[in-house]
Structures are given as C-alpha cells and as structure tokens.
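Asker: Sequence:
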Amino acid sequence: MKIKSFKITDFQPIKNLSINDLGNIVIIAGANGSGKTRLKQAIVSTLQGSPQMDMTIEATRKEEAEPKYFGAPSIEIKQGKTNQILNKYINSRKYGAGRYVGSLVQIDSNRSMQTLKYNAVNWLGGDPDDIDAPSNFYFNTFSSRWQGFVNYIHQKSASRDKKLADELKKNPSKGEEIIRRNPDPFEKYKNIFTELLPEKQLLDINPAQPREFQYKDKSGQVLSFNSLSSGEQEVVKVLFDVARKEIKHSVIIVDEPELHLHPTLTFKLIEALKSIGEHTNQFIFLTHSADLISTYYSTGNVYFIDSSQSGSNQAHRLSDLNNTHHEVVQLIGQNLGLFAVGKKLIFVEGESSSIDRLTYHTIAQSIDTEMKVIPVGSVFNLMTLNSIEEQIRNSIFGIEIYMIRDRDGLNDAQITEIEKNGRIKCLKRRHIENYFLDEELLLKVAEQLYLTKTNPGLDLSLIKNGIKRIAEESINYTIFKNFKEYFSLNYHFNPPKVKKVETKTTAEVKQELIEGVKNNLNILSTELEEKKVLTWLNSEEEKLRKMLQTDDWKSSFQGKLIFSKVCSDILKGDSLRIKQAYVDIALSQKSEVLNDLVSMFEEIK
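For the record, in the sequence shown the residue sitting at position 203 is 202 according to numbering that gives the first Met the number 0, with numbers rising by one throughout.
Bear in mind the hints are in silico, worked out from the structure with no lab data behind them. All residues carry an ideal CB built from backbone N, CA and C; glycine is no exception. Certain hints may be false.
The calculated label-pair distances, taken between Cβ atoms and stated as ranges, are [unchecked claim]:
no., residue 1, residue 2, range
1, Leu202, Glu484, 57 to 67 Å
2, Ser487, Asn518, 12 to 22 Å
3, Arg98, Thr451, 20 to 30 Å
4, Thr549, Gln213, 54 to 64 Å
5, Asn139, Asp367, 33 to 43 Å
6, Asn139, Gln213, 22 to 32 Å
7, Asp551, Asn518, 20 to 30 Å
8, Gly22, Asp129, 35 to 45 Å
9, Gly22, Asp551, 33 to 43 Å
10, Glu526, Asp367, 41 to 51 Å
11, Gly48, Arg98, 18 to 28 Å
Sequences are here, hints too, so could you generate the full structure?
Answerer: Take a look at the structure:
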C-alpha cells in the first residue's frame, strides 16, 4: 500500500494542509513549530485506525485490491471516521519468518542512546522469527525496538548454534552442507556495518554472553559500539532495525533523518533505506536538512509547510515555485538556510527541477562524498560559468569548481578546446539519457518495479526491439536537431574588427565596421548555399542510418527523446522512478554501463 493523498485541517498548529499525488519518496520541510511532528502523528494515527486526516490509500499489490482486503484499487479515509476496511487490513498483517508486508514503519526522531538490558538467551526457545510478530510491530517507538533488537539477534544466533549442533550430531560428515544451509544471521548486519563504515569491521557476537556489539577499526583495535560517533551509532541502529524484517509495500515515515548526522551519513542512510523492499516502499521524510531538500528537489516531491498561512493550502511544492512566489521563497530561505555546498562544486546542465541532478549526485557520492552537484540551467549558463570559474575559485577559499555538459552538436576538436582548462567535461554520449538504454538493465528495472506484472509479455526481446524501433522512428528529429546544433555552433556572426581605432576618423571606423559585416554575410552566403546544405544533410542521414546497423546510435541519437518514449511506450512506467532504479542497479550489478560517468567523477576526485 501507499498514501496517494492526504488533507488535514484544524490539527494545531496545522490549519489547512493538503498534498496530492505523493510519490515513492516524499520530503516535507518546515520551520520549527510549523507542524511537521504533528503531521507525522496524524499520518501514523490514521494508519493505526484513528483517522486524524482525510487520506487516499492506494493498493500496490494485486491482492490488496481484491475483495478480501480493499476491494478496489484504493480506499478513502475520512477525518474522524473509523474505516473498518483499513482496520481489518492492518490487523490481518502477520509477520513471521522476518517478513513485513503492506503496513506502516515509524522511525521517530527520538533515537537517543539508552542503557540496554541484555537478557540471557533461551537455548530451547527456538528461532524468534518463527513466531508471528504483532501487526503493530513497527508502529512502536524506535528506541523500544532497538532494545528488542539486541536481544532478538542474540536469541536468533543461539537458535542457529543449537540447530547446527543438533544437525551435526546426526550427520557429522555433512558439516559444510549444514553450515551452508544455516547461515550466520548476524552476517547481514556485519555487511551493512562495513558498507556504511568502510574502515570499520563489526565483530561476531557470542549468544552465550550477550553484551554490547564490538568492532575493529582500521588499526586493528577492538572498540565498543558506543565509541562510534553519535551519528554513526544512529545510522547503524536505524539500518539494523529495518533490516530485521523484509519490509515491502509499506509506508516508512522517518522524522528528522539528518538528526546528529553529517550530510554524507544522511545521504548514505537515505540511499540504504531506499534500497530495501525492491523499491516497493513509500518513504516520507520530515526534515530540516537543506542538503536533503536540494538533493531530492528535482523529484517534484519536496514540500514546505508555511506556518504563516491560515486559509489556503499550507503545503508548497518547491518545484512549482518561481519568481512570482517571492514571499514564500524568502520564507523558505529564512527557515532552512542556503542549500548546503561541498568543497567540490560540480555544475551540470539542466534546470533546478532537472532529474539529472539526482543521477549525477548518486554517482558522485559513490566516488567522493565531498562533491556537490548543482544544476545551472542552459548550456549557455554553463559556458559563461566556465569563463569566470577561476575568478570565483580565487575569491572563495576552499572550493573547487567543475562543470559537466552534454555532447550536443560538438565534434572532437571542439570538445578538446572546451576541455583544455580541465574544469569542464563533456559527456562521451549525447545526453545522460543515452546511458539509460541498456536492454538488460531496463528489464531488471522493470522486474524490480513490478512493471513486468502490469505488462504481460515484457521481456528482453520486446525491450530491445522496442528501443531500436523508437531510435529508427526518431531519425528525422535527430537530423533536424543535428543541423540546428551544427548551424548554431559553426556559423555564428564574428564581430567586425577595427585596427588602430584611435588613429582613425569616426567615418573611417563606421565604414570598416560596415565592411566587416559585409564580409561576414558574404562568407555565410557562400558556405550556406543550398547545394552545400543538401550535401551536409545527405551525409548526416547516411551516417545516422549506418549507426543504426550497430549499437553506435546509442551514443549519438537523441537520448532524451528515446528514453522518454521507452519509459512511456514500452515499460509503461514513471521515467523518474525508472531512472533512479536504473542507476542503483547499474552501480551494483553492471557498473560498466556507467563507466564514462564514473570516470569523469574519478578524474575530478
């Protein structure tokens, strides 16, 4: 299930707040006292069966829409009115064997350290995951769940040790097979720990002596868990908590994910949370973090609560704001501060709402967490920035400036000239979308986003043939764009020159300027006569059609157009979700597809 929309009125300090068409990742920001915590309480209370708001809940699994549960694609909840369908559905959730499907997960802001009580394990108690967890397992406060986790994992390890001993007694010759069939339950937590803190290694636990976790640092020194920074402890605890059960098709609410965290740790936490449940979960983050807001601003699902309004909707979608919303923009700036910047600023083509920023940011963070990606609008803005970046670097201590632009219309010589100062880099393919056309990865994305279930027959062959067909159909548009870019890049008007202007009369200066204009026009008239233009167009068509015989077209055709049509016509899914999942899967399973992009950031590092 997921929340499609909600509306809440007269729930102090919230007066009137409404958000529609919520995506899978929703960021809600606001000043202290604006009502973020109250909003979270209202959402949680509503999903627990005591509606504090109007809410539309959408089925994300086929079985949810069946008569046994919702009986429709969605259900409507009304503020103050108990909804028996929702209550029956939530109470029907049974969470054995580590599963947690179709419910609510609450990660509140109270994640402070506490004194833990370690229970002695019950060696005859069995595997705790064999017992169904209550339907409200993740409704409770986070701190109480952490206390439960430390005893749970020791009990689960004890259960595994006993099982190994019992099976080895019966079949001593099959030791390796028995161990393989009964993996160490703590291993996945050790992997999470190392991935999060690469220079530290979580040590094995001894269920016979439950105690605080220990780890080894890069020098080999053994340290206790509480010697980690407060931020490191917090992120580890959150990720261990959600890793305990296989959470899918659930609404996960995180209050102040950035609390006590460095921006790098915040990003790691968010990305790790997003990876659980195969992209089936919906995340609602309530935050003050300017860095988190700026990173996800491009998704169109970032909202600011305006506490000064009383009549109209207090929730503003940041991507909808422009210069006509001066007062709101000023209010946001006053309460959230400037978007955070890193030591390395990487400006990329695209408007502030461009989804490319999230793609670049994800790749950049996998290389160097000090990189900050900033969209700068048109390529003209980017090239203007390139001309003054040295003055900026010399004026602001401690930053490095780099730029990345599309390859549109550039030949190799032009790219060499543009890149000679080492500060600007051009994509090796036309657009960033040209890297999102790998058939195998698109199929994996479709499977992970359950698009194969809504599109029967969607397989590798269908995707491959569909992409090729769209590319062939786009050849006219590609020729048009290529000519337009070629013309603008190669036939600009050169300003006339006048030598020794101070020694000449005004009439002489004016005449030389007129002659300079005439020369420009004569050159353009000669070089762009009909026959030469037709020759260029014919040559361009021949080159493009030859590319279609191999995969060379994937580098040079209009990637933006083709990828958009692939998403809408073949995969039949949201291009933003597809792109996000594509990057995540590519980086983990087929990184060579993004090698060009990764190499650019490695060179910047």
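Asker: Given the range 33 to 43 Å, decide if the beta-carbon distance of Asn139 to Asp367 lies inside it.
Answerer: holds (38 Å)
Asker: Against the range 22 to 32 Å, how does the distance between the Cβ atoms of Asn139 and Gln213 compare: consistent or not?
Answerer: Holds, since Asn139 and Gln213 (Cβ atoms, about 27 Å apart) stay within the stated range.
Asker: Has the hinted range 18 to 28 Å been met by the Cβ atoms of Gly48 and Arg98?
Answerer: holds (22 Å)
Asker: Starting from the hint 35 to 45 Å, judge whether the C-beta atoms of Gly22 and Asp129 obey it.
Answerer: holds (36 Å)
Asker: Assuming the hint says 57 to 67 Å, is it satisfied by the Cβ distance from Leu202 to Glu484 or not?
Answerer: holds (58 Å)
Asker: Just tell me: holds or violated, for the beta carbon distance of Arg98 and Thr451 against 20 to 30 Å?
Answerer: At roughly 22 Å between Cβ atoms, Thr451 and Arg98 fall inside 20 to 30 Å, so the hint holds.
Asker: Honestly, do Ser487 and Asn518 meet the 12 to 22 Å range at C-beta?
Answerer: About 20 Å separates the Cβ atoms of Ser487 and Asn518, which means 12 to 22 Å holds.
Asker: For the pair Thr549 and Gln213, does the Cβ-Cβ distance stay inside 54 to 64 Å?
Answerer: Check passed, 56 Å falls within 54 to 64 Å.
Asker: Does the beta carbon distance between Gly22 and Asp551 stay inside 33 to 43 Å, or does it fall outside?
Answerer: holds (36 Å)
Asker: Holds or violated: 41 to 51 Å for the Cβ distance of Glu526 and Asp367?
Answerer: holds (45 Å)
Asker: Taking 20 to 30 Å as the stated bounds, is the beta-carbon spacing between Asp551 and Asn518 within them?
Answerer: violated (39 Å)
Comparing the model with each earlier hint shows a violation of hint 7 alone; every other hint is respected.
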